[in-house]
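Going down the list, the sequences are from chains A and B. Here our numbering is used: the first residue of the first sequence is 66, the next is one more, and so on. Here our numbering is used: the first residue of the second sequence is 1129, the next is one more, and so on.
Just so you know, these hints were derived from the structure itself, not from any lab. Treat each hint with caution, since some may be false.
Distance windows between CB atoms, simulated [what the hints assert, rightly or not]:
#1 A183(A) <-> R1194(B): 49 to 55 angstroms
#2 S1289(B) <-> T140(A): 44 to 50 angstroms
#3 A183(A) <-> D1276(B): 19 to 25 angstroms
#4 R122(A) <-> D1149(B): 27 to 33 angstroms
#5 N145(A) <-> D1332(B): 50 to 56 angstroms
#6 S120(A) <-> H1133(B): 24 to 30 angstroms
Now the stretches of chain A that chain B is said to cover, found in silico as 3 or more residues with beta-carbon under 8 angstroms [stated by the list, open to error]:
#7 86–96
#8 104–110
#9 196–202
Remember, predicted model here, so these are calculated numbers, not experimental data. Ideal Cβ positions, reconstructed from N, Cα and C, are used throughout, including at glycine.
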Amino acid sequence: MFRLTEPTRLTEFERQVLPHLDAAYSLARFLMRNDQDAEDVVQEASLRAFRFFESFRGENSRAWFLSIVRNTSFTALKRNRTDEANVVFDEELHGAQSSPMDAGVALDLAQDRQTVRAAIEQLSPEFREAITLRELEGCSYKEIADISGVPIGTIMSRLARARRQLQMILSKTYTK
Amino acid sequence: MSIDHSQMQELLHAYVDGEVDLVTGREIEQHLRSCEGCRRTEQQIRALREALTSNAPAYRAPARLRRNVRADLRREAKESRVSWPGLVFAAGAVCAVLFFAAALFQNTRAPRNSIADQVIGNHVRSLLATHLVDVASSDQHTVKPWFDGKIDFAPSVRDLSSDGFPLAGGRLDYLDGKTVVALVYQRNKHPINLFISPASTNRDTTPALIARRGYSLFHWTYAEMDYWAVSDLNQTELRQFADLIAR
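Starting from the given sequences, assemble the full structure and let the hints guide the process.
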């Protein structure tokens, strides 16, 4: 295996990784919860991915790229932790631990985009990540586990809890 | 045979996501038949998923970000050291490729051929990378909505099982710098990739054969959409497929 020269490496990177820029931005946007931070994260992650590109041996360039994006996002979130405490859904407060999915309120199917985005943003970062990857990017549990660096079982329970919380948030919005 | 209620509540999510094995799936189905509570939960999960995805809440990368990323990469690529033996090798390779390309395709239209090569490349990669489909379903009503919000055009998706070309699923792919739809059909274990993207012309054409590297490839334009069908199937059967789709 000879070393890729720069122009080849760039072309190869643009071909394999850049098609996933939308997915990367969407994930970062839901994790960071504002445009500017999300753009910064994706720019930084793209550059890091490019530098590590030669270490990419796998077959799933989307999962590989998204894991770099999520790591960059979580680092950035830790750096400006200030906003974290504010909005995240409090399970204790809402009693979501005990309440099952069938909370009794039928969900309005015609949720508008803004409401759905705002609801997802109320979840904790780990739950935002699981929901975004599963529902919006259509990743398998295995892919989500690889991207997030946790076992598949954890992904399964995160998704179950995140959906229970979303159910509560969305049904509250619509019964107000 | 013993899944307790709280386990079941969690498993239902995996069940709805199509992430449980056959045996567990059968157990869950059996349980659902006798448990109204869990049945309601299952419906709630499906309703929530529908609510989450029906309005395509995913964000799209702004054009400015795209430009910035590309600029960053160019700068980075320029700054990194270039290995001289590699450069010489690459230059040689480029010359060789140009020479053969010139010799082979002198009389043919270049853009279509370069896309044809990409189409074959995409096809081969889709088979190698265990990434043939993102949405696996023979149901056109499952495959078509999956693309909603992911692309800005609406491909027509038809199952051709009755003609011997069952739909296997779909995924997004990348062709000629654009995101395109890839539908996957099966013919006796031979996967067929059908790439669909908006055409630059509104002139309809009939499927035309392009044979490259042992692959058969049909290209046609219909209703302002470009179609590329590629497979290692024989030409006759692939033409039959192309004609069915183009009909």
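Checked hints:
{"no.": "1", "hint": "A183(A) <-> R1194(B): 49 to 55 angstroms", "result": "violated (26 angstroms)"}
{"no.": "2", "hint": "S1289(B) <-> T140(A): 44 to 50 angstroms", "result": "holds (49 angstroms)"}
{"no.": "3", "hint": "A183(A) <-> D1276(B): 19 to 25 angstroms", "result": "holds (21 angstroms)"}
{"no.": "4", "hint": "R122(A) <-> D1149(B): 27 to 33 angstroms", "result": "holds (29 angstroms)"}
{"no.": "5", "hint": "N145(A) <-> D1332(B): 50 to 56 angstroms", "result": "holds (55 angstroms)"}
{"no.": "6", "hint": "S120(A) <-> H1133(B): 24 to 30 angstroms", "result": "violated (46 angstroms)"}
{"no.": "7", "hint": "86–96", "result": "holds (count 8)"}
{"no.": "8", "hint": "104–110", "result": "holds (count 3)"}
{"no.": "9", "hint": "196–202", "result": "holds (count 6)"}
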